[in-house]
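Novice: Listed below, chain by chain, are the residues.
Protein chains: 2
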Amino acid sequence: ALALPGVALANADLESKIANPKNWAMQAGDMFNQRYSKLKQINTGNVGKMQVAWTFSTGVLRGHEGSPLVIDGMMYLHTPFPNKVFAMDLDTQKIVWRYEPKQDPSVIAQMCCDTVYRGLAYAEGKIFLQQADSTLVALDAKTGKQIWSAVNGDPKLGAVNTNAPHVFGDKVLTGISGGEWGVRGFVAAYDINSGKLVWKAYSTGPDNEMLIDPDKTVTWTDGKMAPVGKDSSLKTWKGDQWKIGGGTTWGWYSYDKATNTVYYGTGNPSTWNPSQRPGDNKWSMTIMARDMNTGMAKWVYQMTPHDEWDFDGINEMILADIDVKGKPTKALVHFDRNGFGYTLDRVSGELLVAEKYDPKVNWATHVDMKTGRPQVVAKYSTGQNGPDVNTKGVCPAALGSKDQQPASFDPNTKLFYVPTNHVCMDYEPFEVSYVAGQPYVGATLSMFPTPDSHGGMGNFIAWDAGKGKIVQSKPEKFSVWSGALNTAGGLSCFGTLEGYLKCVDAKNINKELYKFKTPSGIIGNVFTYEHKGKQYIGVFSGIGGWAGIGMAAGLEKPTEGLGAVGGYRELADYTQLGGSLTIFALPN
Amino acid sequence: ALALPGVALANADLESKIANPKNWAMQAGDMFNQRYSKLKQINTGNVGKMQVAWTFSTGVLRGHEGSPLVIDGMMYLHTPFPNKVFAMDLDTQKIVWRYEPKQDPSVIAQMCCDTVYRGLAYAEGKIFLQQADSTLVALDAKTGKQIWSAVNGDPKLGAVNTNAPHVFGDKVLTGISGGEWGVRGFVAAYDINSGKLVWKAYSTGPDNEMLIDPDKTVTWTDGKMAPVGKDSSLKTWKGDQWKIGGGTTWGWYSYDKATNTVYYGTGNPSTWNPSQRPGDNKWSMTIMARDMNTGMAKWVYQMTPHDEWDFDGINEMILADIDVKGKPTKALVHFDRNGFGYTLDRVSGELLVAEKYDPKVNWATHVDMKTGRPQVVAKYSTGQNGPDVNTKGVCPAALGSKDQQPASFDPNTKLFYVPTNHVCMDYEPFEVSYVAGQPYVGATLSMFPTPDSHGGMGNFIAWDAGKGKIVQSKPEKFSVWSGALNTAGGLSCFGTLEGYLKCVDAKNINKELYKFKTPSGIIGNVFTYEHKGKQYIGVFSGIGGWAGIGMAAGLEKPTEGLGAVGGYRELADYTQLGGSLTIFALPN
Ligand SMILES: O=C(O)c1cc(C(=O)O)c2c(n1)C(=O)C(=O)c1cc(C(=O)O)[nH]c1-2
Ligand SMILES: O=C(O)c1cc(C(=O)O)c2c(n1)C(=O)C(=O)c1cc(C(=O)O)[nH]c1-2
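Taken in order, these protein sequences are the chains called A and S.
Letter by letter, the first sequence follows residues 198 to 785 in the numbering used here.
Letter by letter, the second sequence follows residues 198 to 785 in the numbering used here.
Any given hint could turn out to be false.
Remember, identical chains collapse to one label, so a pair may be satisfied in a single copy or spanning two.
Claimed, not checked - Distance condition first, Cα-Cα at most 20 Å in a straight line; then the derived EDC-like pairs of lysine to aspartate or glutamate:
| # | residue 1 | residue 2 |
| --- | --- | --- |
| 1 | 281 | 770 |
| 2 | 674 | 286 |
| 3 | 432 | 412 |
| 4 | 712 | 286 |
| 5 | 339 | 770 |
| 6 | 237 | 709 |
| 7 | 666 | 542 |
| 8 | 664 | 518 |
| 9 | 712 | 288 |
| 10 | 299 | 753 |
Quick caveat, the hints were computed from the structure, so don't treat them as lab data.
Bound-form chain A, shown alone:
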């Protein structure tokens, strides 16, 4: 195929920025979603001496997810709604430009899990901003002037955005939120230069709208890959429910240039009352592998058919070349909300490993490796128990053994470092009617720390994805709702909801080498960069997200905030709202 000049250039520019470890040019540091840096000035030997170098308040309260980008001495910061963007000169910390979009505040009430935004993307001198109101904007990285904007969804119907846009090749990919508003999920690829929509692939519905080829798109079937066949989605829904059936796409996407494939997951089927949507509800809760040029689905794998617990499948897909059961494998590793850590062959889509990464997961006994289906425990089936019955003690809670907070992969230890939730729930579904633009939930939840465990609500774990085994687990008082970072300095760093940045020894994660209390609880992702010969580690603090929704939105009743308010109430004894960036370095 004749590569257009744009295609090659886009990759070349962004790839060269990523290749230079002084930059942090993508939200995950690279396109594999590894969250690993080759920098090693700060290392296990000296991290104990690390200090705060400088700080910056963003001027916005509520949950701060994602991280800034650093490109050639300039830092680009984002905020939650109203999604301000700051370009900061790293020599002086002076703000070079600000972009402050005016968005209708009615959008705030359409966001399920706080007004979070997971960050910016960069390519070819442009900064890509995905606003909450679903407007996708390209800004001139030098001046902050708008180059183009595109409307990606209708916030009046609950179609809002929280995901970071991702640039792969000459396209910028974005998703949509609103699974709790009955929004039909999709991803959309826009041309980075013109902002024109190139392709759009729905998560549910007819094959042509899903960009599924019934004969060529394959899935794990009876122990091998086989075509999905005609109407693979439609067949698994009753009537038109798929039109309001969710499967939103608000997570982190990854990309393998070798095969030009993009990977992402789809969210929960709507409503949360499973009785209203008999069937497998395909392709909600699914790992999607698509051709980045055309959007056509190469392979798909549904982790939680007919979800009964809100176990959105959107968590990041980490691409890594590791040994799986002794065999070198081009793997895709995914820690699902449902509590299973999956390892697949990312080229073929074959299911290789599916094991619990929290031993307390109880809603399924295991994943049947032949069918790929979790074996549901009747007692914890909110569908079998039926509407208006409170199914008690389901582990994990709806926010999963892990939510959006991304894990890291360390090529030195070959392990994955996973920030997890250790929370269980009671779940009572009820009949709900769809009203366009109104919440469409249909369940009452309450959450609590996993019983008969260490009493806390989280663990930070080191995971062997080739074997499907926890190598080490570090208990934490609250869920670890922050993205991890590993570095060539032998460190694994993450934030806690109380507000601590912690760096541990990647070889022994129970060894806390550094700990610092940032201004607010951390739900942002740790990142690193080098400037003028000095390595910096940074993280946003700013409590919020689903775990912090009680504080962020000022909710009081335990079952408010989709059930999170009660479970995380104690957070207010440790931290308060406030968005800021804390940057660390070794002393001079």
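Since the structure of chain A is provided, determine the placement of chain S with the ligands on it from the hints.
Specialist: Just chain S with the ligands now, kept in the frame of chain A:
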């Protein structure tokens, strides 16, 4: 006189807390308003190695003035409106209790210069909170439970509060804001145990309401102290204008136990259009010395008779025993908004020194030492130029050569360390009608850096109050809107509007020994304490106040925010909103 048990106890308790330099038991560290600490673990030799120990976001945006209190291992923090209070255990930084008053948000629009609050007071196991809506509250310091509350003013009429309450003896003293709403100023003393009003002294009006004794209350008259005489205020106002004539009392108060005297200043006369209020407008713009038991005025001194520039006289009175013109003196030192640094005999009230502490002050040539009156330069008289005439190039601007940001006194160098503004203005008065509860301003202002100077908008200066001379001056880009702290370690520390905490050598203030960029611009006051053998220095950041009103309130037009928006517009290139506390210490 028979001291009631309560009286003695109150003093004993608070005095013993103050005497222990490990505490920071009053907003200024002591009752003399010296802002000096005997701690010296952090000193000129090692402050360069100082690090951030921990940080805490308050969850409130907008301007953070004042500082926390530290008493016996517990820290008490306040916020701007809605005036939250946190008690924090310094061992763990865990929040022991929170007090979150519900206040009518309509109060926000009644606050002239941001929703600031200058902090809490402590005495006898109680924390005193002065809410913006004027409610004065006593909380149990152990539990945060409300002990009593008192209504101090009517916010619907613009009578709001920003001042810290001050405990002297068995009373808690508070003031009132609203000079720009035609509020008639007063201070009020409440019993700390019952919350009952003990006395209330107005700034203007009949002698009995002012607690003035025509025969015993004295003032500087023709080079000596003489009784003010009957109706000393009423005589200086046209008709009933004094009833809506301002003279509010939102500054810092000080107290000399030796004579049981409280000192404070009164604010501008209303309106800002001087033609509407011929006369001296007594006792606006006045230093008041009152008996703390009865409230009776001992002596008064009006600095700016018939104000034409909004030079509120509320800045702190610092009590210090220094040599004045070679003679050991119980002095009161005051850096007035009008640009003159005053030294008075605090016992007798005699005027000793009145000199410009910014050489660029141009509205008056000097203070006539016999009459005590500034000699106004006709060109800069907005009254003589008259309404609807724009008087240009007045120095200082309305926010004065210094505003509320308190100076410190260092007993070692015997110098005063003064955070100043270096800003001039154009001022155009106009006729305005009084409407109860509506702004009553009557002038359009614009502000700019002092022309023909260093280009910046501020200086940090060292001042010899015995001689009335600037000893050293350190130029700053923006006004220094933060309270200074001096320590036995030889340091003088202050914050900048860009957000830097700076510590300089008290002997050479141009020697910057430490500099750190806190999350937001600093308008808080630097404080220090010791915990478990370690000295800590801390400061609130959180841009706002009058200088930061453009950012805090989201104003755009240069003349908005009473003229401050244009002058300080560049601030947004350096910092953003966000309230947080940054605590510094030496490394372990
Ligand atoms: O179904 C959806 O569309 C949707 C959207 C979002 C979002 O956009 O933040 C979350 C969720 N679901 C969700 O289930 C969830 O657990 C969640 C956590 C968070 C967060 O940022 O903390 N967002 C979301
Ligand atoms: O006249 C008044 O009642 C009044 C109140 C206040 C206040 O309460 O903050 C200020 C002022 N005036 C004022 O003139 C002024 O310069 C000022 C600055 C500030 C500040 O906190 O930055 N407040 C006030």
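Novice: Next, verify each hint and record whether it holds.
Specialist: Going through the hints against the structure:
{"no.": "1", "hint": "281 with 770", "result": "between (29 Å within a copy, 14 Å between copies)"}
{"no.": "2", "hint": "674 with 286", "result": "between (37 Å within a copy, 18 Å between copies)"}
{"no.": "3", "hint": "432 with 412", "result": "within (16 Å within a copy, 99 Å between copies)"}
{"no.": "4", "hint": "712 with 286", "result": "between (27 Å within a copy, 18 Å between copies)"}
{"no.": "5", "hint": "339 with 770", "result": "between (42 Å within a copy, 15 Å between copies)"}
{"no.": "6", "hint": "237 with 709", "result": "within (18 Å within a copy, 32 Å between copies)"}
{"no.": "7", "hint": "666 with 542", "result": "within (18 Å within a copy, 79 Å between copies)"}
{"no.": "8", "hint": "664 with 518", "result": "within (14 Å within a copy, 77 Å between copies)"}
{"no.": "9", "hint": "712 with 288", "result": "between (26 Å within a copy, 15 Å between copies)"}
{"no.": "10", "hint": "299 with 753", "result": "between (29 Å within a copy, 15 Å between copies)"}
In summary, the structure agrees with every hint in the numbered list given earlier.
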